[in-house]
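Undergrad: So the sequence shown is residues 3 to 214, counted in our numbering.
Each computed DSSO-like pair below joins lysine-lysine, with the alpha-carbon atoms no more than 30 Å apart:
1) K100 - K32
2) K117 - K45
3) K117 - K101
4) K149 - K100
5) K138 - K154
Think of the hints as simulated: they come from the structure by calculation, not from any bench. Note that this is a predicted model, so its numbers are computed, not measured.
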Amino acid sequence: MVLYFQSKVVDPPVTIYMGKDKFENEDLIKYGFPEDIWFHVDKLSSAHVYVRLQPGQTWDDIPEPVIEDCAQLVKANSIEGNKRNGITVIYTPWDNLKKTPGMETGQVTFFNHKKVRRVHVERRINEIVNRLNKTKEVRMPDLMQEKIQREKIDRKQARELENVEREEIQRKAAEKRRVEQEMNDMFDESRMHSNWREHEVEDINAAEEDFM
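Given these sequences and hints, build the entire structure.
TA: Have a look at this one:
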């Protein structure tokens, strides 16, 4: 079971989602998309909240109001964090999440700890939490199948890009050959003509007519 929310502080709205429990969290860790950004309360138990950006976007593209929405949703879904003021929420790209042998279900660490950002949340803002909860949808997605379909799309786009790049290389190579052939033709002695007379001209008037 996955809970989906819509952050409408931007246009078009951004999808935010989280697992219902640690088992869904485990699947979300496994089947995330490259443009997913993971949020969690720092050093406390909380929901794993993700914002799904558009393909090609990075976490540098997340508007501040969307970060605030995610941080408030994480805080509201942390038993301990929801009670406290002045908490820290951390976030990182999905592909920085790391599972190691022996970790408990839903537990995660990072490949690169320097690739983790922090946002301070002073207090719960009910207006934000209530706004997001009004958009909540409960779904039972086939996360593995969604991942498979996404990877098929990525492979297709990669092949199309390779074809475009190959055609461009071929076009440039053909243009280079054409220019080189034109240069060779320009300096081909068999195609060159000269106005030089091999024999002395006796009639100067006739010679002058050659240049009139």
